[in-house]
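Undergrad: Model the full structure from these sequences, guided by the hints.
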Amino acid sequence: MILVTGANGNLGSQTIDFLLDKNINEDIAGLVRNEEKGAELKEKGVEIRIGDYTDYPSIEEAVQGVNTLLLISSSTLEGRAQQHNNVIEAAKKGGVQQIFYTSIVKAEEELSPLSPDHAKTEKLIKESGIPYTIYRNAFYMEFLPLFLGEAMDTGQWAFPSDGNPINLALRSEMAEALANGLADTEKHANSIYEITSNQAYTLDEIASMLSKASGKEINHTDISASEFEQGLNEAGLPEEQVAMSVMTAQTFVNGGLDFTFDDMEKLLGRKPTGLKTFIKQFVEQ
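Per the UniProt record's numbering, the sequence shown starts with residue 1, numbered consecutively.
Bear in mind the hints are in silico, worked out from the structure with no lab data behind them.
Just to be clear, a hint being listed does not mean it is correct.
[Stated by the list, open to error] Computed beta-carbon distance windows for the label pairs:
| # | residue 1 | residue 2 | range |
| --- | --- | --- | --- |
| 1 | M1 | N198 | 28 to 38 angstroms |
| 2 | G45 | A235 | 42 to 52 angstroms |
| 3 | M152 | S226 | 18 to 28 angstroms |
| 4 | E142 | K266 | 20 to 30 angstroms |
| 5 | E109 | K266 | 17 to 27 angstroms |
| 6 | R270 | A189 | 22 to 32 angstroms |
| 7 | G45 | E205 | 38 to 48 angstroms |
| 8 | T277 | G45 | 28 to 38 angstroms |
| 9 | E234 | K271 | 33 to 43 angstroms |
| 10 | A189 | L77 | 26 to 36 angstroms |
| 11 | G45 | I223 | 46 to 56 angstroms |
[What the hints assert, rightly or not] Below, computed lysine-lysine pairings styled on DSS-like, alpha-carbon distance capped at 30 angstroms:
| # | residue 1 | residue 2 |
| --- | --- | --- |
| 12 | K216 | K276 |
| 13 | K266 | K22 |
| 14 | K93 | K187 |
| 15 | K187 | K266 |
| 16 | K92 | K120 |
Backbone N, C-alpha and C define an ideal beta-carbon position, used for all residues, glycine too.
TA: Okay, here's the thing in structure tokens:
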């Protein structure tokens, strides 16, 4: 049995859909926090397991009979590594034979405020003795509209990057790459993949691409992370949203997404969707 955690989230549900399309000779289960969140998956024939990363006994029960576990990193940043450790310990005790984990690109270099928890989780997985497959994911292309804020309306995009290029990849293709790995676990045992698209771009280049695709001039201004944070606070955004936005900005400024690898292309068996294609589709919506 394959158990996908975070099964009702975007990445988890898309991974399950790709697995179902493959008709693999293995049962598929999804971990959700309650029955209601699993209703849609249940209709697709997916077994529902109830559990929460913060509730160790629930995870211990959820992993019973599971051969392969996809641990999708927690969306709750506080105590994240401990949440992941609960899952790893339960997997070890429950006899899970392989763990797949969604990390961040170049986690060990800690170029993002998000990296330390991922690096710690990777270490915990390796120390568990369970064969592992780690997908170190770039940020999602689907997040670009969030990064842009009101820029498509105002024509002005103020976002920190210190001139560093960023590599974004399509979440749906990350899910497909995960499903391809989960369908052939032995081939990917004890492997680490850096999941990026085939090209990184500066924010100025992205603004130019947006201008060309939309026919409206979009200008990027590279402000400091502190200016950015001040602007978000003055706009009255929720504290959690400000914190996540600032961590994103710090990742850009530190060059945390200035990497390009071909692992995703190999896992997909084709070139991943490029940012130009995504932008064209985005402005046409």
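Undergrad: Now look at each hint and say whether the structure bears it out.
TA: These are the hints, each one checked on the structure:
| no. | hint | in the structure |
| --- | --- | --- |
| 1 | M1 / N198: 28 to 38 angstroms | 34 angstroms, holds |
| 2 | G45 / A235: 42 to 52 angstroms | 45 angstroms, holds |
| 3 | M152 / S226: 18 to 28 angstroms | 25 angstroms, holds |
| 4 | E142 / K266: 20 to 30 angstroms | 22 angstroms, holds |
| 5 | E109 / K266: 17 to 27 angstroms | 22 angstroms, holds |
| 6 | R270 / A189: 22 to 32 angstroms | 24 angstroms, holds |
| 7 | G45 / E205: 38 to 48 angstroms | 44 angstroms, holds |
| 8 | T277 / G45: 28 to 38 angstroms | 33 angstroms, holds |
| 9 | E234 / K271: 33 to 43 angstroms | 42 angstroms, holds |
| 10 | A189 / L77: 26 to 36 angstroms | 30 angstroms, holds |
| 11 | G45 / I223: 46 to 56 angstroms | 49 angstroms, holds |
| 12 | K216 / K276 | 16 angstroms, holds |
| 13 | K266 / K22 | 18 angstroms, holds |
| 14 | K93 / K187 | 24 angstroms, holds |
| 15 | K187 / K266 | 13 angstroms, holds |
| 16 | K92 / K120 | 17 angstroms, holds |
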